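S.K.: Read off the chains here:
4 protein chains.
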Amino acid sequence: MKIKAGIIGATGYAGAELVRLLLGHPQAEIAAVSSVSFEGKAISEVYPSYYGLCDMVCQKAEDVVEKSDVVFAALPHGLSQELAAQCREQDKVFIDLGADFRLENEDDYKEWYGGEYLDKELHRQAVYALPELFRENIKGKKVIANPGCYTTGVPLALAPAVKGGLVELQGIIADCKSGVTGAGRGLSQNTHYPDLNEGFHPYKVASHRHTPEIEQTLSHLAGSRVKVTFVPHLLPVNRGILSTCYARLKPGVTAEQLRSAYEDFYRDEYFVRLLPAGKCADIHNIKCSNFCDISLHVDERTGTFIAVSAIDNMVKGAAGQAVQNMNLAFGLPETVGLTMVPAAF
Amino acid sequence: MKIKAGIIGATGYAGAELVRLLLGHPQAEIAAVSSVSFEGKAISEVYPSYYGLCDMVCQKAEDVVEKSDVVFAALPHGLSQELAAQCREQDKVFIDLGADFRLENEDDYKEWYGGEYLDKELHRQAVYALPELFRENIKGKKVIANPGCYTTGVPLALAPAVKGGLVELQGIIADCKSGVTGAGRGLSQNTHYPDLNEGFHPYKVASHRHTPEIEQTLSHLAGSRVKVTFVPHLLPVNRGILSTCYARLKPGVTAEQLRSAYEDFYRDEYFVRLLPAGKCADIHNIKCSNFCDISLHVDERTGTFIAVSAIDNMVKGAAGQAVQNMNLAFGLPETVGLTMVPAAF
Amino acid sequence: MKIKAGIIGATGYAGAELVRLLLGHPQAEIAAVSSVSFEGKAISEVYPSYYGLCDMVCQKAEDVVEKSDVVFAALPHGLSQELAAQCREQDKVFIDLGADFRLENEDDYKEWYGGEYLDKELHRQAVYALPELFRENIKGKKVIANPGCYTTGVPLALAPAVKGGLVELQGIIADCKSGVTGAGRGLSQNTHYPDLNEGFHPYKVASHRHTPEIEQTLSHLAGSRVKVTFVPHLLPVNRGILSTCYARLKPGVTAEQLRSAYEDFYRDEYFVRLLPAGKCADIHNIKCSNFCDISLHVDERTGTFIAVSAIDNMVKGAAGQAVQNMNLAFGLPETVGLTMVPAAF
Amino acid sequence: MKIKAGIIGATGYAGAELVRLLLGHPQAEIAAVSSVSFEGKAISEVYPSYYGLCDMVCQKAEDVVEKSDVVFAALPHGLSQELAAQCREQDKVFIDLGADFRLENEDDYKEWYGGEYLDKELHRQAVYALPELFRENIKGKKVIANPGCYTTGVPLALAPAVKGGLVELQGIIADCKSGVTGAGRGLSQNTHYPDLNEGFHPYKVASHRHTPEIEQTLSHLAGSRVKVTFVPHLLPVNRGILSTCYARLKPGVTAEQLRSAYEDFYRDEYFVRLLPAGKCADIHNIKCSNFCDISLHVDERTGTFIAVSAIDNMVKGAAGQAVQNMNLAFGLPETVGLTMVPAAF
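Going down the list, the protein sequences come from chains A, B, C and D. First residue of the first sequence: 1, per our numbering; consecutive thereafter. First residue of the second sequence: 1, per our numbering; consecutive thereafter. First residue of the third sequence: 1, per our numbering; consecutive thereafter. First residue of the fourth sequence: 1, per our numbering; consecutive thereafter.
Isolated chain A, as found in the complex (with noise of 0.2 Å):
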């Protein structure tokens, strides 16, 4: 029998990423979506690329919590904790693809989101789920807090090096650019298209709300508090982020060892593709896949490392790790409905 799976905020791009993937998915079926701008309408209305493949109505939340085993949470912060709740009384696997169940500390939620945790509870029985580095604080999980895409693009980059000790961990700097859809459905003068059409801008310079985020997942791996300078830009592309991510090598730290820390790490990982030397990630290569394209680069002149990551902005960093975690959570294979090919152009 299928895995019956509900899309509360189904309209939005990461829900809608969600259909898409779990139309296709072999185990689960999708039970009912839901929308608050779009109740009532067919979800096809609003993303006609799905017309006559889903055109299932959007419902209430709490009619789709009911009627599911696993409930996909895609909204904006600060209104996943009550839903959160509503599941966990009704056992139903609770997986939020939002920001509210991402950060351990309270103080670092109320600095970057301004919010505070009603339940502290609901909290400490939620785990961060990025699979590739925490895979066995996941199972059995029943609060999962899905990472952002920023915060799934730089750790995959930096996890072998800074695990390893091979880097300083003072100085580390993540340039990031993302493509457009990472700023969401809702209109923007921003993101009207004759306004960022042939244009690329940085934007929320060392301010952007992924920064604790990432670095707490830097600093679980580094055993030590770690701090980042991340600096976002938005491309004039749809989807994909690439990060280039640099660090100060520690002394007599060479390319190989590095090349080999990180083969070593992700042998086994299906999503992280470390490609050859002499090769660098593009976010052509990985669009609309769970794929997370890892190049390594090191400057000898000045002692630094640059560790260049492409992902997809709405899989792997949405809802491709998002069904990722359901399979984990379901004790599933990780890939199951996950396996699609990039393609070429």
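Derived by calculation from the structure, the hints in this document are not laboratory data. Be aware that one or more of the hints could be misleading.
Identical copies go unnamed one by one, so any copy, or any two together, can satisfy a pair.
[Stated by the list, open to error] Below 25 Å or equal to it, Euclidean Cα-Cα: the simulated DSS-like pairs (lysine-lysine) are:
# : residue 1 : residue 2
1 : Lys-41    : Lys-204
2 : Lys-227   : Lys-250
3 : Lys-250   : Lys-204
4 : Lys-204   : Lys-279
5 : Lys-279   : Lys-41
6 : Lys-4     : Lys-204
7 : Lys-250   : Lys-163
Quantities reported herein were computed from a predicted structural model and do not represent experimental measurements.
Keeping the supplied structure of chain A fixed, place chains B, C and D upon it in accordance with the hints.
M.R.: Chains B, C and D in isolation, oriented as in the chain A frame:
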């Protein structure tokens, strides 16, 4: 046991798209691939999207034929005839994505392509395989001429109107707009990024080689000779063809009659999505899928019928239709391996 | 002394483009600008491209009128009539980039725009100002209706053929493709970057408001009532309109006759570039300039004439033509301030 | 009398952009152009944007030299030295857009370009001409090395901080993103439309030839040897370079001190626009203009200074700066012919 599929010309765009589709096909597997330009090189060296997923090395064409039950040829015109003969000798199914077997009339081939039919018996065995229009002819055939891209989009847009006698056969116009992959992987100034980006222009105005193929199909449907004014344009996007087709309404024909004819004609076609009244076909909605979306419009003021179709030139316009034809040839349901959901953005 | 120019609606796209052109005009200067949405804000706050070059603050419309010799209005339809009256009272030249004064027949305005003519005398004074076609009418006029974008591109493509009686007047088709700036600065789902990027679709098929304006112009040229099937499409580029226009050749008319008619008609027109035989008009080549490139094609097989024009919708299709009209109204050479060379890429 | 300007290599992108700028220059005129690949062809045949505006035919290089007061060379490296010698003999001003005269240290040239200095005296006469930084050196010089694109954007972003001793000289990182025209007009798979569109990747990581040139400039400003980690990326847009530059703040240095240093440094520079606090530089805002927009950011949490510059790689990064240098060399105001307003969209 899976169908063993071979791809000749696997490093061109249509060949590479076949790789993607066949990797995801549950009842076929890629037996071998060949490429003149990249013999000895891995497919994933040419298309890094496939890294780790298809690292198969390009062999010689004859080796591919030998190892395969079905041979797909994605070659420039003129190169398929000999290959088809080899396949017939070894009793392999041959599916030609090139133009060599598409035109029934050798004079048309001579006029538009400048070549001739080397083995006329072979041409007699060949079938023109646009399944939605000629399904019955295709079954059991072993030399299959897969239609071109424009020549799929335009006839699907017009078929019910032409076959149903609802429009005048004189004065039909097909104003088509294609994504750049239609021009192939070969370099040209025309498809150099800065020359094409933010540009848009027609090309081969009223002189494109797909003209006689479109006319052949429409003439079959009409039961009499149809001529078409065909003007292709180059769109600054990767994939997709939008065909805006114009025909004068026969006296007294209404929009309702037209819609009803289209509904009847395409009722059981999985891959044709007739859009509701008021919607417009958009290449955005069929990317990387085998769907053909069609919208219908009537200009009452001028008595003009306007049918608009959208296909992915690389899927329904090439590799996807070829896989659909393979399914037909091997007695599988036509949709096997082709049910991917087009992304919403 | 320089002409004092005022811009009402300066923060919309057409208004902003007027700012750019007037800043570079050697014989005019911007006296004042207004904007309902951004009153009290600097133009360069809205358009950072102008930072340091035009930091003028948006005032009230009446202040702009008072300070100006010529008033450009770039407003949604329906808002220009009152303003025109004010300008007439104060004897200012009024150039309307909106639709209020374009249609001679009030019934057409009622049907397509749903409004009415408040001051019929004012409308009698107004002139429809497409200089290449109606130059003589414009001189000395003070209420100037600047044509729309499609309504510039289509008539310029067809004028010599229609006026010269070389094509049939029945069955003319204009298949037009416009860049996104044509949809304006206002936000809509349609022009949200991820929804439009890599997409392409028709809109307002056979029902766009520019239809009666195109027909009015062609009817004047033909000397009899002309109807047109007009289908606009939205291109994923910022600027440019390509109009592919189809008309049946009158019996016996040759490609040479057509070319010769076009050469005669446009011989002295600086802004119309008739391309050599064999070339195709491309929006790539006229970006940010006031040029209209035209290419001519004949489909001998079907007896169809195909004229293709390319303009920048914001320049020749809006602000540039408005400046050209200002030059005409003030007795300057038409090309002053409009001789910028379109970039090669 | 106008300055007679010749362009050698006029059909490459930098050469073509020179054509555009010189056509609009009120005190210069194009005397002759040359191109090895297109000798005997008109510029407008290669770049149809210039049709009717510059139909000049490409001649031999020596003829261009003879007819000109100033010779611009836009050639691959290694080809300018002999030409410079010819110009010196005939007492023409020589402005080299290539790399042959940029590096003071011949060893750097050997290491990064693999060539050598044929005429050392000539190299001694040459001046590295980034006017905002080295204006005084340029006056009166006749062999002018025009800087490269990255090598303009990065130093302008960092100069006041480096010269003012406000940042550490170790650990400077320049993460740069360039539009595709930077790769030139020559065809490559990399810049084939479908391979690049919707993609984004770094290239020549920590090994790009502009590295020693950037370091040379920063070292002059600092008064001591500066090394830089330089990582360029390829953006899917035609024009523009955004350089995100990172440097550690010296202890105690504040955001206000930095801003004040930049204001002082660039107060009188027309082409540098220091953006107000809170704004971010964007390549969207400087297209086709000679401006360099700079925004300043401080990450207090990590003690990092982030300076972001945006230039048009073809204008301030090539042809525009070359015209600025011509103006300097001929005693004209630097801004003549370069005051075009960047389009708002």
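S.K.: Hint by hint, note whether the structure agrees.
M.R.: Tested hints:
{"no.": "1", "hint": "Lys-41 <-> Lys-204", "result": "between (35 Å within a copy, 23 Å between copies)"}
{"no.": "2", "hint": "Lys-227 <-> Lys-250", "result": "both (17 Å within a copy, 18 Å between copies)"}
{"no.": "3", "hint": "Lys-250 <-> Lys-204", "result": "between (30 Å within a copy, 23 Å between copies)"}
{"no.": "4", "hint": "Lys-204 <-> Lys-279", "result": "between (30 Å within a copy, 10 Å between copies)"}
{"no.": "5", "hint": "Lys-279 <-> Lys-41", "result": "between (46 Å within a copy, 16 Å between copies)"}
{"no.": "6", "hint": "Lys-4 <-> Lys-204", "result": "neither (38 Å within a copy, 41 Å between copies)"}
{"no.": "7", "hint": "Lys-250 <-> Lys-163", "result": "within (13 Å within a copy, 29 Å between copies)"}
In summary, the one numbered hint that this structure violates is 6.
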